[in-house]
Amino acid sequence: MSNSDRSPQQLVANADRLRRGRHADRVLSMAAPTVAGVMLVFAAAGRFFGWSRWIPLTALGFAAVGLLLYGWLARRARPTTDAMASTVDRDAALRGELRSAHWFEANGAADEWTEFHMEKASERAAAVDWTALYPSAKAMKQWAGTGVLAVAVVAISLYVPARASGPDLAAAIGDAELAAALPADVAARLAALLEDMKKASLNKNAEQISLEEMKKLLANLDPALQKKLTDLLAKQMEAQKQAKPKELGEDARPDRAENSSAGLPEDVKWALDDMASRQAQQDRQTNANNPSASSETGQQGQGSQQAEQKMSMSQAASPLVREAATDAASKMMMGGGGPMGGDSGPGAGGKKNEQTGLGNPALLAQALRKEMVEANADALGENKDKEDRRKKTEQGKSTLGYTRVAPPAAFEPSRSAAPPPVPEARRQLLLNYFIRKK
Amino acid sequence: MTTASPVEQHIDQFRERFTRVTKEVGRRIVGNEELLGNTVTALLAGGHVLLEGIPGVGKTSLVHTLADVLHLKFSRIQFTPDLMPADIVGTNIVQEHAHGGTFFEFQPGPIFANVVLADEINRATPKTQSALLEAMQDHSVSVGKTTYKLDQPFLVLATQNPLEMEGTYPLPEAQLDRFFFKLKVLYPPETDMHQILDRTTQLQQTEVARVMDGPEILEMRQVVRSVPIARPVQGYAIRLTLGSHPESPYAPPLVKRYVRYGASPRAAQALVLAGKIHALTRGNAFVSTEDIRAVAMPALRHRLLMNFEGEAEQIDVDTIVAEILSTVATE
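Residue numbers (my numbering), protein chains in the order written: chain E, 1 to 438; chain G, 1001 to 1331.
Bound-form chain E, shown alone (with noise of 0.2 Å):
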């Protein structure tokens, strides 16, 4: 050993990163099996909701490079200090001396007896087995189980299929084998377009954009593989525009109204419902042009491609069409009577009339909302100008002026108001009361 090594600032910073390693290490072994516990949840937890599984795995890593990261901070070399010293020499029970030395030498104070104390000081500190003094931890179990979680981790991430979130896809297409050979995120997304379809909760663009989408994955599958299920994604669109008319239906649709607008903010369901009135009228509009293309209860045509698209499109976009498309909140503002006001009747909206929806609630609410958002169209501010010629207008007719008027300083006995007079009734009672009786 050199002596160099052997000084007390040297001594002392070995020993103290011996120490702050030895703490690391156990400080590590603790907090690794369960960091790594914590992974192992959060891989399973991605599988189960069906995460990328690359999400755990980015953990892992970084809560690995934090425990390293940490191990060597803890490891790495620190100018000594007093307080170091002193902690040092403490733990060696060297009573004080190493301190004291360690002081001396960062001071240079040199003269005999600090020569000969630095001496003995770096002689004791020597002496002293540091290793023994801060061993190192014995956490070979911890290590382990670190280790079992992690690969675990690794395990479940690439090896464990995601949990489908959509519907199983075996049971859509009604073939377990090709359900079975297909890659986990293709059958979850196929399964999901199926589904869908099946629902018919899909506009025609969307389900092209989706059927595209579905080509180009498909188009790294297996040949035959792809031809099964081309054939497939066709029987499937064909079965769902022979059911679609009969889903589309008048008593469907109310309750696909409310779910397809549940949590929207108000005043994009009032937009909507705008929108969706005016649709309403273009389609009527077109449907009086070709007569063919829908019937008066409103089942569409064979043969009108264009009338259901529109309907579609609608009915996907707005849950209240077929409220608007009666057009009852435009009758009930033109005030009644006339060609499009109907007859007044009972009830607060006019004569009940199931066909145009005159006196129903709902209706009239759906108008009355309307009307709210017409008014709504007024913006704030707009009148800005108008307020403020009104105020300097106020402000110039002003003619009114303060002026402070000082109350009396002195009090006047003369100004004072006198007593209330004493009640005769009551005179006498006084009297008594204040002239004692001789």
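In case anyone wonders, no lab produced these hints; they're calculated from the structure. Relax, there's no trap hidden among the hints.
Stretches of chain G that chain E covers, calculated by requiring three or more beta carbons in the stretch to come under 8 Å of a beta carbon on chain E:
| hint | region |
| --- | --- |
| 1 | 1005-1018 |
| 2 | 1228-1239 |
| 3 | 1277-1288 |
Here the structure is a predicted model, which is why all the values come from computation and not from measurement. Think of the CB as a built atom: it goes at the ideal place given N, C-alpha and C, for glycine as much as any other residue.
Add chain G to chain E, keeping to what the hints say.
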């Protein structure tokens, strides 16, 4: 065979002499090893000692024995209410020349000795007590226009009785501050009483040898001042001193509540010097915070002035010093 360095030789010699003195005094004084060690410590630090204890516990015997062991000039002053300053420091008397005429000649008082026993110092008036101030601090005596230096080593060992309040005058703060240590002479335990009786009630008296002289004491004082002290350790001594001041941030709650004035910088000097001697007696060439703590009680206890509340509640000063020691951090 390795030869010891000069520093090591100094340390060994110091320890050997220190042990020799305390052992020799211990031949006559039973028990009280700590008291003996602290008395010798004050002697080697160049300070003075105030011994407090009830009558009959061996205060005066201790001082007598120490003077016998040290081979130094010893004098005793019995403090009484009518004692005058001139009775201590000396006075000018008129002398006649042989060829005629008169002149003043200084007649030195009992203060002119190496070891002065100021017995029952609190029985004299403050005026007389103050006669010791210059001697204790500057090791000199001024009479008229002349200042006389006192021989070195000079040590005042004062005793006082804590019980008798009638006819006593408490020492002024300035006087108290000049004492290096205040040592409490405790009542001896039952086991020591047998030895005391054996040594004092038989025909043969225990004789002590003179094991150290003045030059050796002065040499040891030089060794003491050579011991280095690191700044953090010195800082601890300063914090202890400041901790006795009620307005200090280091002061514990007891100090803030019961202490009127804290220790002076002389207390810090006493802590460091006594700490060095304590380190040397342990064979160390450095001072640690342990050394400072070991000597803090006798160095601080007489330097704290209690306030009215502390006096009224009869708070023990040792309790407050212990509180300071337990609260002031060593780092």
